[in-house]
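Enquirer: The primary structure of each chain is shown beneath.
2 protein chains.
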Amino acid sequence: MEYIISKREVEKRVSEIGKSMDKTGMDALYLASKANISYLTNFFFIPTERPIAAIVKSNGEKILIVPRLEVEHAEKYSYADRILWYPEYPDEKHPMKWISEYIEEEGLSHGKIGYDVDGYGHVFGYRGKRLSEYLPNTKFRYARDLVEQARVIKSYEEIRLLRESSRWTKYVHQLLQEYSRPGISEDEVEHRASLEATLKMAETLRDKYLAVGWIVGAKAGFRGQIGIHSYYPHSLPRHTILEEGDILVTGAGASVSGYSVELERTMFLGKPSRDTSKYFDLMLKAQKLALDHLSPGTKCSDVDKAVRKFYKEKGLYDYWRHHTGHGIGLDYHEAPFLDVGDDTILVEGMVLTIEPGIYVPGLGGFRHSDTVLITGDGYEFLTDYPRDIDDLTIL
Amino acid sequence: MEYIISKREVEKRVSEIGKSMDKTGMDALYLASKANISYLTNFFFIPTERPIAAIVKSNGEKILIVPRLEVEHAEKYSYADRILWYPEYPDEKHPMKWISEYIEEEGLSHGKIGYDVDGYGHVFGYRGKRLSEYLPNTKFRYARDLVEQARVIKSYEEIRLLRESSRWTKYVHQLLQEYSRPGISEDEVEHRASLEATLKMAETLRDKYLAVGWIVGAKAGFRGQIGIHSYYPHSLPRHTILEEGDILVTGAGASVSGYSVELERTMFLGKPSRDTSKYFDLMLKAQKLALDHLSPGTKCSDVDKAVRKFYKEKGLYDYWRHHTGHGIGLDYHEAPFLDVGDDTILVEGMVLTIEPGIYVPGLGGFRHSDTVLITGDGYEFLTDYPRDIDDLTIL
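Sequence order for the protein chains is A and B. If you count the first sequence from 1, position 287 lands on 300 in our numbering, and the numbers rise without skipping. If you count the second sequence from 1, position 263 lands on 276 in our numbering, and the numbers rise without skipping.
Extracted from the complex, chain A is given alone in its bound form (with noise of 0.2 Å):
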């Protein structure tokens, strides 16, 4: 399965984190967040009211816990060496009650216990204790950094699943702007590239690759940043007609068995004026800037501090709206943040956006977002896409 993550690589992810556990006397992990379930079992699975759990022992074995109408999913598709299953919830017996009780059962009880989650997070209704209130004896530890440590530094096959997504996101991206005119609506433009990438992937990749994560199938779009409105960094579709002149801040990802990078541009529906160039261009330089400080050592408060210095000389502080950019991998954002505030030091295998955008109020946003790989001495872009204005610019 040439872009599904290996038994092999889960067995070596849960054998790191084994010898983790055994340094702080851990028995076991209790996982209940998505992200880190499928890490360490390889199992995608859509989250409801119903709680799902991962245990991992230090001894490596993987026990799967899901409601009744996961189990034969969960068997056929997990890496996990046992399922165990409760009926439903809320049900008579609460899934939780449950839980604690197959915890008793596999000794672990009076044990050392990491978690993530004490229980289950809020998900669609759901409403439980905590699962160290039914288990008092066992001593719960929060231990989420020990399962999302591990996920920062991305492996051989991780990668691979970037460049692969990577791919399927330039193509995606290239539809969209081969569809963007005056007079189309941006739903057309966003669904009509979406769809023909996601058919195109699907096609060619087959079973190859699993369509699941945060993202499904190939996907571009505006997310409402058109014309004016590319001023909100995080605005919503308004189902836009778009027109001569307008300032485009687009998106795209495409999800490889879980793995997607992001790729983000700033697009011209026609010659873009003098102000918007300039802007432009101060974007570009404060893009390169962040890059320019990218390498194994360095902190990333740093590289987010020399961002945002630029910004200052130049005026621009107004116009600031976010940090430089974010760990990227099973989450669409996850650690590290390159962000004044984040003080880890970027080492190799790291997978990071680098994503400064100026916005002007009345006048537009500007922001190219570019996924690159740490290397040993230096970095790596994983997208590949134009960034300059005339290849950007729509005539």
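Note that these hints are calculated values from the structure, not bench results. Nothing here was measured: the structure is a model prediction, and the numbers come from that model. One or more of the hints may lead you astray.
In this list, chains with the same sequence are indistinguishable; a pair is considered to hold if it fits within one copy or across any two.
Computed list of lysine-lysine pairs in DSS-like fashion (alpha-carbon distance at most 30 Å, straight line) [said to hold, decoys possible]:
(1) Lys291 with Lys125
(2) Lys106 with Lys125
(3) Lys318 with Lys291
(4) Lys221 with Lys110
(5) Lys70 with Lys106
Given chain A, work out where chain B should sit, using these hints.
Expert: Structure of chain B alone, referenced to chain A:
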């Protein structure tokens, strides 16, 4: 704005909740769950690692606290009375610290605050202490149900949105049925039907609705429930090519300003066998039985008990996988649940899905889901789609 919840309606919601707050001597609510925030401010947004919270005072004042990048978006589109902001997450000063200081400035730090989340959830790599740790003199009380109980009974405006959703849900499902034929890929059927219906919806409704919520546009698909894979109640797409003889279990919805009905059907590609017809009929009977139990005054648990009893009597319990249905609104699944463990009493204005399913190993799955409104003397279908085997057989 025809299909957008009015400011008046939101004021009414806030005023009702204010009354409940007064009763318990609560000074304000702190809300950090997306659907609760949308419910009381009509602000829809993309949740990220940057917390977004609403403070609703007992006098009806609604304050949104957002990251810098959402300020203008919230000012323009929400019904909040005031927008407060912090720069970024994680930043040098943590968002939760900012929020706690705002609460102090509002004179609430020695008061009684009800919360749905004590801080912010685990979204996209967010990390932070509880809000209560920053405010030792505040009396915090878990009050999620105060808002979510109010959300259970749908208003006239909400029901109007659901009816409009039903119209588009029917349309997208008709297209799905029309495009389903042997030799075509599931991706193509789903995405073409969804594209066409989404564009038609956007063209027709334009700015009369918001394209926001847990579903974007009008969508129909199979979530991988094709052929014998229809046996997994919640499968995921596998790029299957449809074949003569396949059972197809569908799902469709269309978000009108955050509200959607749920419509699911069991369809057949080619004449169903005697065996599949048998289970289809039993599924229809189970759904009919559930519907017959719907009336104000009945307990949710009694509906599910009646359905489970039917499964036992008919020797179907091995094929049972999940409860009878769930509430639906700003969240896709929400309280109450038609489940043996939920003793909520049905009341006029509740909206629920009715969807008992039968899942036969090696053969397939059988499930219709309809969304109904509880009325003064029974129920009324909000979904409108053929349910009989002849109408759902594609020849």
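Enquirer: Decide, hint by hint, whether the structure agrees.
Expert: Quick rundown of the hints versus the structure:
no. : hint               : in the structure
1   : Lys291 with Lys125 : neither (58 Å within a copy, 51 Å between copies)
2   : Lys106 with Lys125 : within (25 Å within a copy, 33 Å between copies)
3   : Lys318 with Lys291 : within (23 Å within a copy, 68 Å between copies)
4   : Lys221 with Lys110 : neither (39 Å within a copy, 46 Å between copies)
5   : Lys70 with Lys106  : within (25 Å within a copy, 37 Å between copies)
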